[in-house]
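Visitor: Spelled out from the first residue to the last, the chains are:
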Amino acid sequence: MNVIGKPRRRVDARAKVTGQTRFADDLMLPRMLHCKLLRSTLPHARIVKVDVSRAAARPGVHLVLTGRDFPITYGILPVSQDEHALAVDRVRFVGDPVAAVIARDELTAFEALDFIDVEYEPLRTYADPEDSLAHPEPRIHEYGDSGNIHKAVSLRFGDVEQAFADADRVFEDTFFYQGNTHLPIEQHAAVAARDPDGKLVLWSSTQTPHYVHRALAKALAMPAAHIRVIATPNGGGFGGKSDPFNHEMVVAKAALILDRPVKICLTREEVFYCHRGRHPVLMRFKTGVKMDGTITGMHVQTLLDGGAYGSYGVASTFYTGALQTVTYHIPTYHFEGCRVFTNKPPCGPKRGHGTPQSRFGQEIQLDRIAESLAIDPAELRLRIVEQPDTLTANYLRVGTIGLAECVRRVTKAADWANVFGKLPHGRGVGIACSSYLSGAGLPIYYNDMPHSGVQLKLDRSGGVTAFCGATEIGQGSDDVLVACVAEVLGIAPIDIRAVTGDTDLTPVDLGSYSSRVTLMMGNAAIQAAERARDLLAAAVSKKLSVDKDRLVFADNRVFDTERPDTGVTFAEAVCLAEAMFGTIGSTGSYTPPRSAARFKGGGVGPSPTYSYSAAIVEVEVDPSSGWIHVPRVWIAHDIGRSLNPTLVRGQVEGSVYMAIGEALMEEQTFRRLPPRLSHALVHKFPSMLEYKSPTTLDMPEVVTELVENPDPRGPFGAKEVGQGPLLPVMPAVANAVYDAIGVRIDEVPITPEKILRALDAKAAGKAPRYGPTRFPAVPYPEPLDVPTPWDGGDGKAHPRTVNPEPGTRAGAVR
Amino acid sequence: MQNIHLALKVNGEPVEVAFAPYKTLLEVLREDLNLCGTKHGCELGECGACAVLLDGQPVLSCLVLGVECEGREVLTVEGLVTDGRLHPLQETFADLGAAQCGYCTPGFLVTAKALLDEHASPTRDQIREALAGCLCRCTGYQQIFEAVEAAVERSAEAFALRQPLDHARSAKALAERETR
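Sequence lines, in order, name chains A and B. In this text, residue positions in the first sequence follow this note's numbering: the first is 1, and each later residue adds one. In this text, residue positions in the second sequence follow this note's numbering: the first is 1, and each later residue adds one.
None of these hints come from the bench; they were simulated from the model. Do not rely on the hints blindly, as some may be mistaken.
Residues from chain B that face chain A, not an exhaustive set, calculated with beta carbons under 8 Å [what the hints assert, rightly or not]:
| # | residue |
| --- | --- |
| 1 | Glu70 |
| 2 | Gly71 |
| 3 | Val81 |
| 4 | Gly84 |
| 5 | Phe93 |
| 6 | Cys101 |
| 7 | Tyr103 |
| 8 | Cys104 |
| 9 | Thr105 |
| 10 | Leu135 |
Which stretches of chain B does chain A cover? Using the computed rule of at least three CB atoms under 8 Å from a CB of chain A, they are [claimed, not checked]:
| # | region |
| --- | --- |
| 11 | 56-66 |
| 12 | 141-151 |
A few chain A residues that face chain B, going by a derived Cβ cut-off under 8 Å, partial list only [said to hold, decoys possible]:
| # | residue |
| --- | --- |
| 13 | Leu77 |
| 14 | Val79 |
| 15 | Val118 |
| 16 | Glu186 |
| 17 | Arg268 |
| 18 | Arg408 |
| 19 | Glu653 |
These numbers were taken from a predicted model, which means no experiment stands behind them. Idealized CB from N, CA, C, for every residue including glycine.
This is chain A alone, in the form it adopts within the complex:
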């Protein structure tokens, strides 16, 4: 290997360090106008009247749009088409866009917003999930499972009640995971224009140009072939730029009407309203174990605060119960999940999408189980780790598993045996594990086409252009594309140009979400490069009279492996091939293997393979102030193979960073304005000043161990690394706090105040913990019973229990 596995400067690094990367807000087009959105000041209200006449008459204002201009709904999931670009008759949270002004400059547009007159009729506001459960009317949406329940599911695999009866001990615990947001440093921005032949072009900081393309075609009722979406490099995404957004629809429509370029760049406050971040989740875990730690069964219940719109919420709901079985062997499993609507900014996918919340509960409960059974928590995890190449109780096909090796590596690096339970009071260590998808096994809309496509164009100069719809959000997807092609063709990365994220120029890749790009695009790139290599090999073989199988592609040459001096340059090889076959290009594509799950809801969780992580966190807690300091984190990640170790380490450390923020300080919370000021439910702090995130001074030292065990399903054996390493850190912090001061903090963020309250409870002889004490009665549906593989199941639900809901099929929901 000449490129793969070597620490290397990423292909787009020079642009980034010279300030030449063109983010969406850096685009300035001639005759460009600027757009601002008027957002709702009430959390839930009927729109009685919108009068834009005063705003439209302002000097410099070119256009004012309202909900009447956008009658067609859209949304990321086919089952949740519940968004209008601008509210038609109802606003559902403070920040819901109501109208848009397009003017000569930002200031003129901004000032004109004050001249739009909106008359609202306030409706009952739903502030939290229990409120939404208790009051089915008025409904926030006219769709969903019932009342204000967006989605309620129950999946049962095997006889869980019998498993609890067979267990030596049964543990029941309740946890709460507070919502938080992505906080990319780049605010969302978009520019739309008509191209010279009249068609629409949208440049946007989006992670999913293909889905934006589809949503624009629908919402604007335009042929998709006349729309070009270009994903500009994202200044951070983390899931927050994965939905089609109001502002994208609005500038697109305005540019079509005015025939001038129209730009919008959201303010930081507006980014907090776009949100789509981590769902607040209340959860209950019931787990049966034998005295040796073996799990007999698990019952997980979750309640998600979805906010005001569907977004990815149906998938998020299933994800809170999907991956528990992928880390540890759980022979019987029952999952009940429920997402409700509330009048807050919509929640959606943030790094780890739906799985960090339940991972937090699962790993703290395991810590508690280990203590009760007097088993070392690291040893307990080694005992119960899932077997490779198996099917789990919920029909997820697991490939290679490097988890045991991850646990061994972190315990060795952290000197676990000599520190756990042995540090002085106030200092402690905690361990936790996790796993994550290497790409969702199903697309968001049901189809049989590839999930990723790559095209190559080979030039006579020896230069290669690689085209792919994948989107560079900082994770290094352009580098992965180039590295895979360079390795197969034996050329240098600098000789390859990556053209990505452009629906006119590049074949479809579904987007930068679900940690899918490296595996899916990488496999497509290898296939395309191998096909191109075959063409070149045929031509060089003829020229040199050397058997094709003896040709090697390396060092920018194609040569005879037995006589390395006999060969041609790569550029000469391209010319020979072009002379023989005509213009040289190739394509490659990737479609994930078919899932084993055949039941409704089984579409969420399958992946070609899963990554694994284990983390040990060290904490110092001051019992007098509750102040928590994290000096060090050891993390091991099963990467399969690292394509570029510099970037892989960056993803691991970046995940740890974001996890530390979630564990200790980040929270998206709300408050009521005083009654004299409308009593509205508003975001507590939609600004970067008050929304705390870790600085250089808060960041612990991170010791990263990469476990390389190539997975045959990944490109060169690679698995994902963008999301998985975040997952174990939050519960490891909580477990370390327990080791340090003997109290359990069963919710995030773990703040000094919660520490002090737990210590007070302990001193008063109460349960030494802080966290939720009850779980409300949630009307989960009758379970869908799916016999496990070891009970002779075939992945289908038991026929007697099939939920008779119409129009559903396995896999229709991602």
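Since the structure of chain A is provided, determine the placement of chain B on it from the hints.
Guide: Okay, now just chain B, sitting in the frame of chain A:
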């Protein structure tokens, strides 16, 4: 509102610019001087993405009014490249993974440059302290710290060799290419 007219030095070159008097230095740089390398992230001086050097000192350009800059010297990320050579910090940020999405990178680079201008060989704690006003959501900062430390070493090496770093690199790459 009438535009004001200002003369200042940007990235070593004298410039004259006319702009509305309420504009911040950030807006003047991006909108009136077309220097879009400097970014914005929060509008209130919290994220550090808009950092530039004003008379050699790091400032948050979203909190500085353009009118304050008459006759002063501004350095942005675009000014770090000299004679076609990347600054050692740019080299090491690129090589060591210190730039992921790259949006915060210009602010980090100029802030780190100000640190190195003051301390030839800062400690890790001094680096943490100096960069505490810049937020990065991608990297977890560790590779940024390492890049700053490596830039110190490379600056020393480059001085010893008296040869521009990236020239050396590309000359070597070219020589290798030609011998193949």
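Visitor: Checking hints one by one. Is Val118 (chain A) an interface residue toward chain B, by the C-beta closer than 8 Å rule?
Guide: Violated: closest Cβ of chain B sits about 25 Å from Val118 (chain A), beyond 8 Å.
Visitor: Hint Glu70 (chain B) vs chain A: min CB-CB distance below 8 Å?
Guide: violated, 23 Å
Visitor: For the hint on Phe93 (chain B), does the least C-beta distance to chain A fall short of 8 Å?
Guide: holds, 5 Å
Visitor: Does Cys104 (chain B) meet its interface restraint, that is, does its C-beta lie within less than 8 Å of any C-beta in chain A?
Guide: Result: holds, 5 Å to nearest chain A Cβ.
Visitor: Hint Tyr103 (chain B) vs chain A: min CB-CB distance below 8 Å?
Guide: holds, 3 Å
Visitor: Against chain B, run the beta carbon of Val79 (chain A) and see if the smallest gap drops under 8 Å.
Guide: violated, 31 Å
Visitor: Identify whether the interface hint at Val81 (chain B) stands, where standing means a beta carbon of chain A within less than 8 Å of its own.
Guide: Nearest chain A Cβ about 6 Å off; hint holds.
Visitor: Would you check chain A against the region 56-66 of chain B, counting CB to CB pairs closer than 8 Å, and say if three or more residues qualify?
Guide: This one is violated; 0 residues, fewer than the three required, reach chain A with a Cβ under 8 Å.
Visitor: Any CB of chain B closer than 8 Å to the CB of Arg408 (chain A)?
Guide: violated, 23 Å
Visitor: Given Arg268 (chain A) as an interface hint, is its Cβ closer than 8 Å to any Cβ of chain B?
Guide: holds, 5 Å
Visitor: Is the interface hint for Glu653 (chain A) satisfied, with its Cβ closer than 8 Å to some Cβ of chain B?
Guide: For Glu653 (chain A), the interface hint holds, since the closest Cβ of chain B sits about 4 Å away, which is under 8 Å.
Visitor: Closer than 8 Å, Cβ to Cβ, for at least three residues: run that test on the region 141-151 of chain B against chain A and report holds or violated.
Guide: holds (count 5)
Comparing the model with each earlier hint shows violations of hints 1, 2, 4, 11, 13, 14, 15, 18; every other hint is respected.
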